[in-house]
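Assemble the complex: chain R is given as a structure, and chain H must be docked to it using the hints.
Given next are the chains, with one letter for each unit.
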Amino acid sequence: MSGLLGWLRNPWARPRWLAVVAVLYIAWSIVPVGIAVLFAFNNGRSRTTWQGFSTRWFTGATGSVFHDPALQSAFKHTLFLGLLCVAVATPLGVALALGLQRWRGPGSGVVNTMMLLPLVTPEIVMGVALLLLFLKIFPGLGLGTTAQAIGQVTFTLSYVVVIVRGRLVSVGREYEEAAADLGAPPHDQLLRVLLPLLAPAIIASAAVVFALSIDDFVVTQYLSSDASTTTVPMLLYASARGAPTPALNAIATVMLVVTLLTLAFAFFVYRRFAGGSSAAVAAALEV
Amino acid sequence: MQGEIQLESLTKRFADVVAVDSIDIDMPGGEFFTMLGPSGCGKTTTLRMIAGFERPTSGRIVLDGADVAQTPPHKRNVNTVFQSYALFPHLDVAKNVAFGLKYQRCTKDETRRRVAEALELVQLTGFEARKSSQLSGGQQQRVALARALVLRPRVLLLDEPLGALDARLRKNLQVELKALQAELGITFVFVTHDQEEALTMSDRVAVMNGGRVEQAGSPREVYEEPQTVFVADFLGVSNLLSGEATAGDNGGCALRMGERTLQATQGATSARGQVKAMIRPERIVVEAHGATGDNRVPGLVERSVFLGNAFELHVRIVGGDLLKTMVANDGSVTEREEGAAVTLYLPADALRVLAPATSAEPTAS
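One line per chain: the protein sequences are R and H, in this order. Final position of the first sequence in this note's numbering is 287; the numbers increase by one with none missing. Final position of the second sequence in this note's numbering is 652; the numbers increase by one with none missing.
Excised from the complex, chain R in its bound form (with noise of 0.2 Å):
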């Protein structure tokens, strides 16, 4: 048998060819990303031609991500509105997830099912239903940053609910019922044992809405109003079809680096305090 067949058909391995294939698959994806990234450091205005290394669209002195007001006022707005969504979904999510998980009655499948809806909704047709809402429905309300923030905390909502919920399952109502015979009135169950029990889970939730909040684009720029309500995905966008630098390229970067620590946060925070059981995340990080 030939060296390379050999290898692959070794029957007492692992099986190869999905090594290969998960290979190949993961170089397809990193290789377009890590252009991208590479041509945030080229010394010249070329997006496509290396011409040295350089942090000037980082740091120089002009068209610089630090140095655009544009690019800075997107920045914080992104930065604000993934904040805001934290503060509100993740509260939101956990009482959520207590009640449903909690919820033994009649009409209490139909409910779980709807909470994974948003999970399988195209964005657009959300983007454009909450849209005709604030527009139609609550004109009071107007577009910005209020109509932003409940837009993106209505669609990510479902993950914290599945996480947490995920969590709830796997620990299960027997710590409640011991703080309650030890003495514990149902809100000292719920401070003294389940939160922290649950901490992991919201932690983690809470990195998973603070990465889908920044990345988000449709639903942001649907409920925009003016360019203080422009995100860097919406810039992003827009100056890729005008006259893009490698500026573009550069707060990509940045942005990528935020998503990447956010969510290497929330892995290593599940994996680290919810003892290895990291499923839930895992499946929440594939979108």
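Simulated from the structure, these hints should not be mistaken for laboratory data.
List of simulated lysine to aspartate or glutamate pairs, EDC-like, C-alpha gap at most 20 Å:
#	chain 1	residue 1	chain 2	residue 2
1	H	K389	R	D188
2	H	K418	R	E174
3	H	K382	R	E174
4	H	K362	R	E174
5	H	K395	H	E407
6	R	K76	R	D226
Chain H alone, transformed into the frame defined by chain R:
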């Protein structure tokens, strides 16, 4: 005596299933009370109702004269040791034990003192700063015990607390638990499916089956004077014989089995008609084939199991019933090879007539 519990027509229904079917149990204060039965017999549901985790469908739970059936668990003066211990994984041993003291309004000094006392009681002094994941199963069990006992409950509920431990540790903890109970004088309500555990530890045992109490009494009573086939079978190997009961000698009962008649003086001797009688393996005497006298039946050794210090013989007697018996491995000449013909002596005072059972056939494991 504090810590007295009366269950009065206590019933729990889950959807269509009746888990606990109108049971009445008296648990005297300060005793080691065991609910024994196979899984699904309702013992754990009963315990959970006493703890307050399940709300009874109907009936009363009287704790020291007051009905607590509708009292939420955090307001009941009973504490539980869970089957899986349920130690809080985010707290260390000392904080686990101190958890409930907050609700008894203890000062910091008192809390520290009582935690230290409780840990000393379960011989875990020095483990205060450990997390539960850093403890062995036996140690976790002791922490769970300390966490409950530190609150000085009137009743301690234990849900198969030894189930997850290995055999040797179980034996040691059985003795320790019993000693602890005797020392503290607290009522222990213990749930188990292990008949040996129940017999060795308890002052009183309730044997449960299908959501009902089959029999309650001291370990000796339920073992030696089982009233139903189920109890006889669940509490160790029992041999059942079928026969027709008629009036016998000395107020006893005569069991007709084919051409043979056995005298029985124990149990429901006033029963007539088709009945079952039981005899413990250790009460059967194996004699050489052809031995004569009252209450003797011939049989064939079907199997002979070597146990080291004894042989367990499975003997098929005339009439078709299979009896198990023990023969000491003491060198005495007894027919014990498979296929050998023997005579079994079934003493009249060891044959117990069981009341025609209203209960189902035994399903014991």
